[in-house]
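Chain D is fixed; fit chain G onto it per the hints.
Going down the list, the protein sequences come from chains D and G. Terminal number for the first sequence in UniProt numbering: 482, no gaps in between. Terminal number for the second sequence in UniProt numbering: 389, no gaps in between.
Read the hints as simulated data drawn from the structure, not as lab findings. A quick note: this is a predicted structure, and the numbers were derived from the prediction, not measured. A couple of the hints might just be wrong.
To be verified - For the chain D half of the interface with chain G, some residues (derived, Cβ under 10 Å), not all of them:
1) L27
2) N82
3) I136
4) P148
5) E202
6) K205
7) T400
8) S411
9) E423
10) S428
11) L433
For each residue, glycine too, the CB sits at the ideal point set by N, CA and C.
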Amino acid sequence: MRIIEYYLQQDSWLNLLREFLLGYGYLAMFYVMAVTVIYFLIFGLSIRHTLPLKRGFQYNSIKKLSGSEHVPPVSLLVPAYNEELTIKENVRSLLALNYPEYEVIVVNDGSQDDTFQVMVKEFQLKKVSSIVSDAIQTSKVRGIYHNPEYPQLYFIDKENGGKADALNAGINLSHYPLISTIDADSLLEKDALTRIARVYMENPKDTVAVGGNVRIVNSCTVEDGIVKHVTFPKKLLPALQNVEYIKAFLGGRIGWSAVNGLIIVSGAFGVFQKEKVIAVGGYRGGYPGEDMNIVIKLHRYCLENKIPYRVAFCPDAVCWTQAPDSYRILSSQRKRWGRGNLKNMVEEGFAMVFRPRYKVFGMLTLPYNILFETLNPYFRISGMLAILAYWMLNMTEWKTIVVFGLVNFLSCFILSLGALYIEETAFSRYPKLSDLNKMLFYSFLMFIGYRQIGVLWRLMGHIDFFRNNNTWGTMVRTNFNK
Amino acid sequence: MFTNLNLAIYFLYILALVNVVLIAAIYIIKMRNIKKQKIIDYFQQRFQDYLTYLHVNLEGKERLHVPPFKMNRVEQVALQERLNEMIDSFTGGASQKLLDLCEDLGFVHYHLDRLQSRSYRNKVDAAYHLGCMRVKEAVPALLQFLETHKYNSTLFVIARSISRCARDELDVRAMVSILMMHKKEFSDLLADIIKEATVDHAALFGEYLQANDPALVRLGLAGVKEYHDPKVSSVVYGLLDAQDTEIQRLAVRIYLKSAHFLPRNVVNKLIRHERVEIRLLTIQALTEWKHHTYLNEMKEALMDPDRRVMYASAVGLMELGQEGVVVLCGSALEMKGAGRGEAIQGIIEDEIKNLSTKLHDVEHLARYNAILYTYEKTFDENKRIYRIV
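So that you can see chain D by itself, here it is in the shape it has in the complex:
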């Protein structure tokens, strides 16, 4: 109050504003420096672990392992809601995996379309009376379907309860100690499960979850549920998402997993210890972001009970997914992600952040996530407004703004290049030189509009959260090969 009175006495509220903006400038500068340091640290770790990872999958014989009786049996859980267009191909691809012992449990979560009819007709399924575990409470299961001609395939028809609820129903029916979650609009590579199993087998007791790598299938040629020809997406939005995914998965998750700080195992493809998932109460229903929520709960459970554990990432186990190719669907997806992230932080994150008992997860992952993911839209938008104010109040000149803008752009672009470096060094999934040109071009293009609109979508997701808007939003499925 005294400060305000002083400034009022001086009749200089503009000075007050200037002081405030200056203070904000320092805060923003430290924020940007901190985020950049953590980004580079994680990217450094990712790059450092690329060659050991490459050696791991290059020299460990996946072909031999896929025929071994020693790989652990896995239950694949496929939640399906209005997936009539893709479900057949997806299930066919799952039934053709190179893996010795596994089952596919498709869960129809009260679809409004013909998902149920398509499944029953395609695989000639008959209702069976099966006793399932009631380890996790779910919405009412209307029936369990099976056909002895497809002994590995089970189909659960249940009332709508959301993706998490469908996964929980799948867990209750599953017969094996490992569960794998797979989105119904995604395709697994034939040896993806073996690759993840290899990582699990190296330390089965401690490995509570292993995440797979998700790549964009748009524009690729798909035959019989298998990606036959990899092509860089032709449309703008999938192309931007492609470079975004490469950056997030290769540049981020390899590094985070190296310090056991991975906060998310993608819902599109991941493997979990069933026992631990049940111990934390299964997937949290009723809200998006269940894939992040389950991983946070696993970290919390293991750390609170002093159970040695790791959440690993397996970049060579690839799952191909359809990326939204229209503005409407993409914005809806990103708002949902923003809402889910905020909910997870409010529900779990704030209770664990900066508490040493939660080790790397509490001291690095969560602060990073809260400050630089959850609060990111607020800093970004206020930053833009502050720059405007600096210019209007003659606190800076255009040259300074341009220089700092370029510093920001070039330091962020290094991270995009780092991800491409990892891609080319270890995977090189896009064989043509023109693909690399496109990846570089779209990495650059991301900075012009796409990232900014992403911030806006996230903010709108937060608004939805505060308004208790919990709808799933727009989601349209198309056939593969589109």
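Structure of chain G alone, referenced to chain D:
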């Protein structure tokens, strides 16, 4: 607002330079990958005749000849990769001829030299290839490498190479004891690795089953889990009461799978075990056996507090034919009115419904008649019973 613009500009130059260097590095790697792929494609054409010659002459006694032309390093690597695949695919004389060819090509000598290299990358690559080529003289150096190696994925690459090259059981044991020092439970992966060695696996795993160290016992169990030998059941019998729940579960599973005769006292003990998974495993094993001896035990399991055991037992009884169905229907009738009785009746009805769609098959027809006859006789005494013929 004070900003040290000059400093920022210098920093900008550095960032721009790093960006340029990274872009250049990425393009160099890309070009190298493309070039490598081109050479491999060319290799496929150039070596077509030679690979055909190898396939044709694998069975003969004559030693395989090296290619009649000079190869560059990338071509050598491509040929080596192809030979590694072929060695894995063939056994006996054919495999030995390929191993001899690798020696004649100088691959063995080359990788033995690289195993002594200071470069970690070269050492790992050499270890892998020596393993593929089953080079026995590489074992001491590989064991030394394994001993000093930290715990990560590459550790198992070296271990697998040792197993492939092992001269005798002592080499395998040495490899196992080094890996066990890491105190991680990778018994299944290790069992898979051990099975690559040309030693008597059963004897080795049998030895581990009798060890005092639980980690070795787990390894032994992982090794014999697919064996159907009565000798195995007698060895794991002693582990049925193990304190370690994982060891106990594995032991019960292997015992039930490998035993050719299950003493009634053991079945009784297992079917009343406090752990539901043990009870479930037992019922599933009895179902597979399809033996009337355990009819009473399966009937008892219908009363199990866990519904999964009850269900498995009902399915098992139906698999036993007429006698089992009589017991099942009788039990359902006894428990009529209770939820359990309804559930059992539902299971029988489902089976009847399921079989009714497969009456074109004689076996299913007979089964359908047997179940339907007993079911209707038990639940609807006054109803006239028809059989489909």
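Each hint tested on the structure:
A distance limit of 10 Å between C-beta atoms decides the matter here; for L27 of chain D the minimum to chain G is near 13 Å, and the interface restraint is violated. Interface restraint check for N82 of chain D: the shortest CB-CB distance to chain G comes to about 29 Å, outside 10 Å, so the restraint is violated. Among the interface hints, the one on I136 of chain D is violated; its C-beta lies about 15 Å from the nearest C-beta in chain G, farther than the 10 Å criterion. The closest approach between the C-beta of P148 of chain D and any C-beta of chain G is roughly 9 Å, which is under the 10 Å cut-off, so the hint is satisfied.
Interface hint at E202 of chain D: satisfied, since its Cβ lies 6 Å from the closest Cβ of chain G, which is below the 10 Å cut-off. Satisfaction of the interface hint for K205 of chain D is found here, the shortest Cβ-Cβ separation to chain G being roughly 4 Å, below the 10 Å cut-off. Interface hint status for T400 of chain D: upheld, as the beta-carbon distance to the closest one in chain G is roughly 5 Å, under 10 Å. Interface hint status for S411 of chain D: upheld, as the beta-carbon distance to the closest one in chain G is roughly 6 Å, under 10 Å.
With its C-beta approaching chain G no nearer than about 9 Å, E423 of chain D sits inside the 10 Å limit, and its interface hint holds. A least Cβ separation of about 5 Å between S428 of chain D and chain G falls short of the 10 Å threshold, and the interface hint therefore holds. Hint status for L433 of chain D: holds, given a least beta-carbon distance of 6 Å to chain G, under 10 Å.
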